[in-house]
Amino acid sequence: MTGVAIVGAGMHRFGRTEGVSGRAQAVHAARAALADAGLTFQDMQFGFGGSHSAGDADTLVSELGLTGLPFINVANGCATGGSALISAQAAIASGAHDVGIVIGFDKHPRGAFDTDPADHGIGSWYGETGLMVTTQFFGMKIQRYLHEHDIDPAVLATIAEKAFRNGARNPMAWRRTALGAEEIAAAPMISHPLTQYMYCSPGEGAVALVLCRDDLARTYTDRPVFLRGAAFRSRRYGSFEVFSPWVALDRAASPTVEASRAVFEAAGVAPSDVDLAQVQDTESGAELMHMAETGLCSDGEQADLIRAGATEIDGRLPINTDGGCLANGEPIGASGLRQVHENVLQLRGDAGARQVPGAPQVGFTHVYGAPGISACTVLTR
Amino acid sequence: MTFVDDSLLTETPEGPALLGSRCTNCSAHTFPRQAGCPRCTGSAMEDVPLARTGRLWTWTVQGFRPKPPYTGTETHEPYGVGYVELADQLLVESRLTESDPDRLRIGLPMELVIRSFRDDDGGGGPTRTFAFAPVTGADR
Numbered sequence: 002m003t004g005v006a007i008v009g010a011g012m013h014r015f016g017r018t019e020g021v022s023g024r025a026q027a028v029h030a031a032r033a034a035l036a037d038a039g040l041t042f043q044d045m046q047f048g049f050g051g052s053h054s055a056g057d058a059d060t061l062v063s064e065l066g067l068t069g070l071p072f073i074n075v076a077n078g079c080a081t082g083g084s085a086l087i088s089a090q091a092a093i094a095s096g097a098h099d100v101g102i103v104i105g106f107d108k109h110p111r112g113a114f115d116t117d118p119a120d121h122g123i124g125s126w127y128g129e130t131g132l133m134v135t136t137q138f139f140g141m142k143i144q145r146y147l148h149e150h151d152i153d154p155a156v157l158a159t160i161a162e163k164a165f166r167n168g169a170r171n172p173m174a175w176r177r178t179a180l181g182a183e184e185i186a187a188a189p190m191i192s193h194p195l196t197q198y199m200y201c202s203p204g205e206g207a208v209a210l211v212l213c214r215d216d217l218a219r220t221y222t223d224r225p226v227f228l229r230g231a232a233f234r235s236r237r238y239g240s241f242e243v244f245s246p247w248v249a250l251d252r253a254a255s256p257t258v259e260a261s262r263a264v265f266e267a268a269g270v271a272p273s274d275v276d277l278a279q280v281q282d283t284e285s286g287a288e289l290m291h292m293a294e295t296g297l298c299s300d301g302e303q304a305d306l307i308r309a310g311a312t313e314i315d316g317r318l319p320i321n322t323d324g325g326c327l328a329n330g331e332p333i334g335a336s337g338l339r340q341v342h343e344n345v346l347q348l349r350g351d352a353g354a355r356q357v358p359g360a361p362q363v364g365f366t367h368v369y370g371a372p373g374i375s376a377c378t379v380l381t382r
Numbered sequence: 005m006t007f008v009d010d011s012l013l014t015e016t017p018e019g020p021a022l023l024g025s026r027c028t029n030c031s032a033h034t035f036p037r038q039a040g041c042p043r044c045t046g047s048a049m050e051d052v053p054l055a056r057t058g059r060l061w062t063w064t065v066q067g068f069r070p071k072p073p074y075t076g077t078e079t080h081e082p083y084g085v086g087y088v089e090l091a092d093q094l095l096v097e098s099r100l101t102e103s104d105p106d107r108l109r110i111g112l113p114m115e116l117v118i119r120s121f122r123d124d125d126g127g128g129g130p131t132r133t134f135a136f137a138p139v140t141g142a143d144r
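Protein chains in written order, with this note's numbering: chain Y, 2 to 382; chain X, 5 to 144.
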């Protein structure tokens, strides 16, 4: 089967950019990715893209160029970028196309997400009575996880501290000021045991990637990065997921576990081969739990790894090297592609002040979101 | 006083209970009721009252007043939220009457109660919903 390479990567900085629409940020990212590949929009044979609340990706052609290409909108919440990548991979691997673009962007209002229960097939009572709140789910999931694996909650502040420290080294990040663990732990409690600085905020940003057949990659760049696998999974009966008025007594693995296994199998690499990982850190407990769900470590092992510095940029298993969602915020449509963009920079050796030392070879990304979905990728040099 | 959604409740000799569905093929339970079985993918579901007592499976406390569609009382008091394990049925998500982290723990015996979550400030009149309360005098 034809392999797929990433030959162009572009981004509009994350955070708040007053007066610049989400669509304009997407166009900025697309032009940056095209320039990075030495190509123009005229060269694109297909497009996949999406945003959650900043407009339809297919309308970007009015600004990028009316070339007649098939541009397909994707909408999978936090996995929107992952779904766009999977679609692009299929379009190239099938032989249908040689080169194309994926674009993820968003611009959310301030404050926590306000989701309509009806969009999730849930009665209005669920929202009216104050249960349709994503932050609650993450508080309850980590509460249970800390209990089951006897983990000291103090590690939650340590994780957030790392995120802001990494974000301070990333010129594209939103939160660029380091915060101490004590200040993080003492911040107002949002959803016990998680404080304000342990949660990411809805934000803005855009990312675009240009992909092509692997045998063409060196015509566009001398440093291609290869997409070895991309996988998406939805929830099984018995997994504990956000926006669930009830959960089965039977316990099942989360979609993260299944998507991770699938992507490692497709890529032909083991979790132990991973040189750096970007995992969904909607809040710091999510990073902790996802480290194990993705197979990067075992349940209960995280606190020791984190305290020993293993997940730092210069550690054995650097995690969320760009500051993750905590330092970049979460523009839903752009978040997953941000992770891939970061791994492209790291594998090329272009990550500047936050570059992982030792010329990393294998990068892993993972997103998780409502209504119980996960998308993962493996990239190699 | 009105209840937020009458389809969620049923009366039993012991008092009001949450109304769920049970699959007549594989015995999976759901709440609220639904027509399709998420476990065996069948569509032979029957109504079943859910247990009125259980044990706390996990919990948190809602620290800030949620945005709409939340319609609770304007003056925000943090409220507990948790999943209560109802034996042989399911885990049900619910508001909790207790919001002090020092008085909540996984495994705590809980019982169903009906509580107001919205006063009449909005002009629509007070509205009640279901909640779970720690069982009085339960062994902690």
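In short, the hints are calculated from the structure, not lab data. Among the hints, a few may not be true.
[What the hints assert, rightly or not] Among chain Y residues calculated to face chain X with C-beta under 10 Å, some are:
#, residue
1, TYR127
2, GLY131
3, THR178
4, ALA179
5, GLU183
6, PRO194
7, GLN197
8, CYS298
9, ARG308
10, ALA360
Backbone N, C-alpha and C define an ideal beta-carbon position, used for all residues, glycine too.
For which of the previously enumerated hints does the structure constitute a violation, in increasing order of number? Violated hints (numbers, rising): 3, 4, 5, 8, 9, 10; every other hint is consistent with the structure.
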